[in-house]
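Take a look at the letters that make up each chain.
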Amino acid sequence: MHQTNDMADSRGAAMPADNVDNGLYGQDILSVNQFDRKLLEYILDVGDEMRALVRRFGKANLLEGKILANLFYEPSTRTSSSFQAAMLRLGGRVIAINEVKYSSVTKGESLPDTIRTLESYCDVIVIRHPETGSAQTAGKAARIPVINAGDGAGEHPTQALLDLYTIADELKRLDGLKVAMVGDLKYGRTVHSLTRLLRNFEAEFAFVSPEQLRMPDYILDELKADNHTYAEYEDVHEVISDVDVLYVTRVQRERFPDPDDYERVKDFYVIDPELMAKAKQDMTVMHPLPRVYEIDTRVDDDPRAAYFRQMENGMYMRMALLAAVLGKA
Amino acid sequence: MHQTNDMADSRGAAMPADNVDNGLYGQDILSVNQFDRKLLEYILDVGDEMRALVRRFGKANLLEGKILANLFYEPSTRTSSSFQAAMLRLGGRVIAINEVKYSSVTKGESLPDTIRTLESYCDVIVIRHPETGSAQTAGKAARIPVINAGDGAGEHPTQALLDLYTIADELKRLDGLKVAMVGDLKYGRTVHSLTRLLRNFEAEFAFVSPEQLRMPDYILDELKADNHTYAEYEDVHEVISDVDVLYVTRVQRERFPDPDDYERVKDFYVIDPELMAKAKQDMTVMHPLPRVYEIDTRVDDDPRAAYFRQMENGMYMRMALLAAVLGKA
Amino acid sequence: MHQTNDMADSRGAAMPADNVDNGLYGQDILSVNQFDRKLLEYILDVGDEMRALVRRFGKANLLEGKILANLFYEPSTRTSSSFQAAMLRLGGRVIAINEVKYSSVTKGESLPDTIRTLESYCDVIVIRHPETGSAQTAGKAARIPVINAGDGAGEHPTQALLDLYTIADELKRLDGLKVAMVGDLKYGRTVHSLTRLLRNFEAEFAFVSPEQLRMPDYILDELKADNHTYAEYEDVHEVISDVDVLYVTRVQRERFPDPDDYERVKDFYVIDPELMAKAKQDMTVMHPLPRVYEIDTRVDDDPRAAYFRQMENGMYMRMALLAAVLGKA
Chain A
6 MHQTNDMADS RGAAMPADNV DNGLYGQDIL SVNQFDRKLL EYILDVGDEM RALVRRFGKA
66 NLLEGKILAN LFYEPSTRTS SSFQAAMLRL GGRVIAINEV KYSSVTKGES LPDTIRTLES
126 YCDVIVIRHP ETGSAQTAGK AARIPVINAG DGAGEHPTQA LLDLYTIADE LKRLDGLKVA
186 MVGDLKYGRT VHSLTRLLRN FEAEFAFVSP EQLRMPDYIL DELKADNHTY AEYEDVHEVI
246 SDVDVLYVTR VQRERFPDPD DYERVKDFYV IDPELMAKAK QDMTVMHPLP RVYEIDTRVD
306 DDPRAAYFRQ MENGMYMRMA LLAAVLGKA
Chain B
6 MHQTNDMADS RGAAMPADNV DNGLYGQDIL SVNQFDRKLL EYILDVGDEM RALVRRFGKA
66 NLLEGKILAN LFYEPSTRTS SSFQAAMLRL GGRVIAINEV KYSSVTKGES LPDTIRTLES
126 YCDVIVIRHP ETGSAQTAGK AARIPVINAG DGAGEHPTQA LLDLYTIADE LKRLDGLKVA
186 MVGDLKYGRT VHSLTRLLRN FEAEFAFVSP EQLRMPDYIL DELKADNHTY AEYEDVHEVI
246 SDVDVLYVTR VQRERFPDPD DYERVKDFYV IDPELMAKAK QDMTVMHPLP RVYEIDTRVD
306 DDPRAAYFRQ MENGMYMRMA LLAAVLGKA
Chain C
6 MHQTNDMADS RGAAMPADNV DNGLYGQDIL SVNQFDRKLL EYILDVGDEM RALVRRFGKA
66 NLLEGKILAN LFYEPSTRTS SSFQAAMLRL GGRVIAINEV KYSSVTKGES LPDTIRTLES
126 YCDVIVIRHP ETGSAQTAGK AARIPVINAG DGAGEHPTQA LLDLYTIADE LKRLDGLKVA
186 MVGDLKYGRT VHSLTRLLRN FEAEFAFVSP EQLRMPDYIL DELKADNHTY AEYEDVHEVI
246 SDVDVLYVTR VQRERFPDPD DYERVKDFYV IDPELMAKAK QDMTVMHPLP RVYEIDTRVD
306 DDPRAAYFRQ MENGMYMRMA LLAAVLGKA
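Residue numbers (my numbering), protein chains in the order written: chain A, 6 to 334; chain B, 6 to 334; chain C, 6 to 334.
These are computed hints drawn from the structure, not numbers from a lab.
Heads up, a few of these hints could be off.
Copies of the same chain are indistinguishable here, so a pair counts whether it falls within one copy or spans any two.
Restricting the straight-line Cα-Cα distance to at most 25 Å, the calculated cross-link-like pairs of lysine to aspartate or glutamate (DMTMM-like) are [unchecked claim]:
hint : residue 1 : residue 2
1    : K64       : D128
2    : K145      : D306
3    : K333      : E69
4    : K145      : D307
5    : K145      : D305
6    : K229      : D180
7    : K177      : D263
8    : K333      : D41
9    : K64       : D174
10   : K333      : E237
So that you can see chain A by itself, here it is in the shape it has in the complex:
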């Protein structure tokens, strides 16, 4: 939406969106900073309704006749499929544009021109783009709602929303939780966004990472400003017995200039049945996926392993957001 270019900068402080009272109809979804507690509670409720509809009827034909342009400048099977399924289950239709890099873009067309063309054909645009800020650019160019499905090192707000939905669904509350985020906290877009969303609730944070991959100071500063408690750790074993949410991300070898450093710490961030034996019974293990070695597949059958349910929740949250911005939630 080009009317909404007063969006807070993604690095800025959380700003209550001025559309809270009116809901999300006609709005872009560009940043987690658009959401305050009231709006979060509303969209999680809509997600619950979507899940109930899908489980009962397989679908919810709220968006019959509407078209989504699913514009992916970089591949992401998971996110792309999730948005497509969300639109289809709502009775809408999808134009999937995956080959963008080979196409008009290579002829030098600007992103605003591409967006203005696409909005002639469809009712809502989902965009994934490798450049930070591109979703904002798209939102500014379009008169129809634009949903950010990841813009480089920027944001991926629908991931953070489905993460929050999963916490609420697994633990039946969002206040009073001890949340451990584990792994690469420096480059991990998902842990930054989820932390920001959780600032709207009473949460205590444990950040578990190698020294090289610590949570950035600007996130920590935001928590301090809010009087949220956090502590930093190097090894997940230090915190496992005490956490309600264990949010796992991968520590990549390539992040370490010295391979010895990697070898020393890599096992600190691996979740296996032995570690899980020390965890509480009513906690939840989450991961944005894809998962490689960082969660042992033997954990998959543990009832606390929520990561595949988390994927499914992605569809419900995206249904909720699509329905909301198109005025049907």
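Put chains B and C on the given structure of chain A with help from the hints.
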């Protein structure tokens, strides 16, 4: 349609299609030469109806249960998306085949075999292919309608039809217009096809291009044969104050063996607010897009800048054509 | 379906599936060995019904609200389009995932994780994958039905089923036929699978191939165990006058270390009008396509040339299978 292989050669003179009285049901759309004035007026009217339906209801479920195979041998996000949206807004469904180059084609299959396979699955085929004449080949092989979405240096008839629709919509008439075509008139498939369509109306032409990129003689000869007036220019400033339609295309640096030649003329074909200040109030600026530098983005907000509306019209014209060949217009 | 991991090995003897009495509802389609005569007759009948519905109404809205994930790890326009058309004609919707190689797979995700993610979004998965056994792996990981659309040198059961359907439809019987398989019988996945399906009927086989590309012994051993008659030949001219089914595949030059060997035999496997003049009037010529030189295009208009009808039958059989596994056949 293999019944219709009596199509005029794309370089031949305009030939009134023998299906004028019967409309387009069951026909291929391969060349602008299929269309005479009566058929053009008919299809523009259907386009108007489609636009009214989309604006009122968001859709027009005339093709419920029909399947379009959207067969793109070379990428074109814009044209592909436009055809997909057209089919979806008509209630039909789409099989998008974008990765053709990697597939059975590489196993050496002939185009007629590919077409005969696809027609087993669908009701209409849209084909874009880099080789001139390929759409004719496809049309001959298929028993179902085939629509040419661009065949190399050949034709792109639906682009010319949407251009004509846009002129009619912006200026509310098609006769008595002074039409300037600007830029690369030698290699520009769109300006050739639009010129041919405009021969069905009273039009006067101004062709504005570098010497190296003049309108080909065979197009000029066709105009002479019809007693249409035209003149050639090197600089758009010479004609701007007098034109009703300014149809802009890009002059590419690579077309000039000598870079100095390019530098000397390049600014002659750039549309900016200063140029627009000299133009009539009731004229229209069009461009097939993508646009790079040849239209200054400051022109975008000028009410005479029709190029984004032109894109939108593409969907309505393609809806009209799909409905017409499937007997639902 | 992870419940059905008691599937016979694709190289093992034919095993009557234990789901015969219950039909295919909720089952995977991974191997031709799942099908006995009773189940084959059932699914061919469903195919007939699908064809009748498509020919009368253009569609059969049995799967309204269902979503197919069409997961192609290697391109196959023909098979992919056929499954998509089948799902769309059943009123279902499709998420086409063609770019898998560029996506989460490259991030190192395991196939079971990909499948478990996708099954959150859809109701049935079709998978094509270059590695033998991958479809079994997918079937084991998924709680929803998985259909094998080709797993490397493994199986391609829906191709064999459409081949069988075509024989039944062209010749109006499946018993008492003399079936010649011609060309590359060593590497040809389709001829292996079709031979196995035909073991459920009274059939006599003629295997026509170069010495280097003979039918593998394990297939011949299966026929012996069943008391099926077969003979091997080097030249199709030896058998042409006597066969009811001529199933043609391509002999590729690259299979011959010595080019002279190829030159000596290549014409033995080419079907042209002269050869067809020697064939019976009530026989059928089939080919899995794509066809290059091995069937002369002059044969295409021969009423015995069934290969394009065979493609069309692919859609009906896939409609039958999709409807069956989703409980709507």
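Comparing the hints with the structure gives:
1. K64 to D128: both (19 Å within a copy, 11 Å between copies)
2. K145 to D306: Classified as between: cross-chain Cα gap 14 Å, same-chain 45 Å, threshold 25 Å.
3. K333 to E69: both (11 Å within a copy, 21 Å between copies)
4. K145 to D307: between (45 Å within a copy, 18 Å between copies)
5. K145 to D305: Between copies only: 14 Å across, 42 Å inside.
6. K229 to D180: within (18 Å within a copy, 71 Å between copies)
7. K177 to D263: neither (43 Å within a copy, 71 Å between copies)
8. K333 to D41: within (21 Å within a copy, 45 Å between copies)
9. K64 to D174: Answer is within; shortest intra-copy Cα gap is 20 Å, inter-copy 37 Å.
10. K333 to E237: neither (43 Å within a copy, 55 Å between copies)
Comparing the model with each earlier hint shows violations of hints 7 and 10; every other hint is respected.
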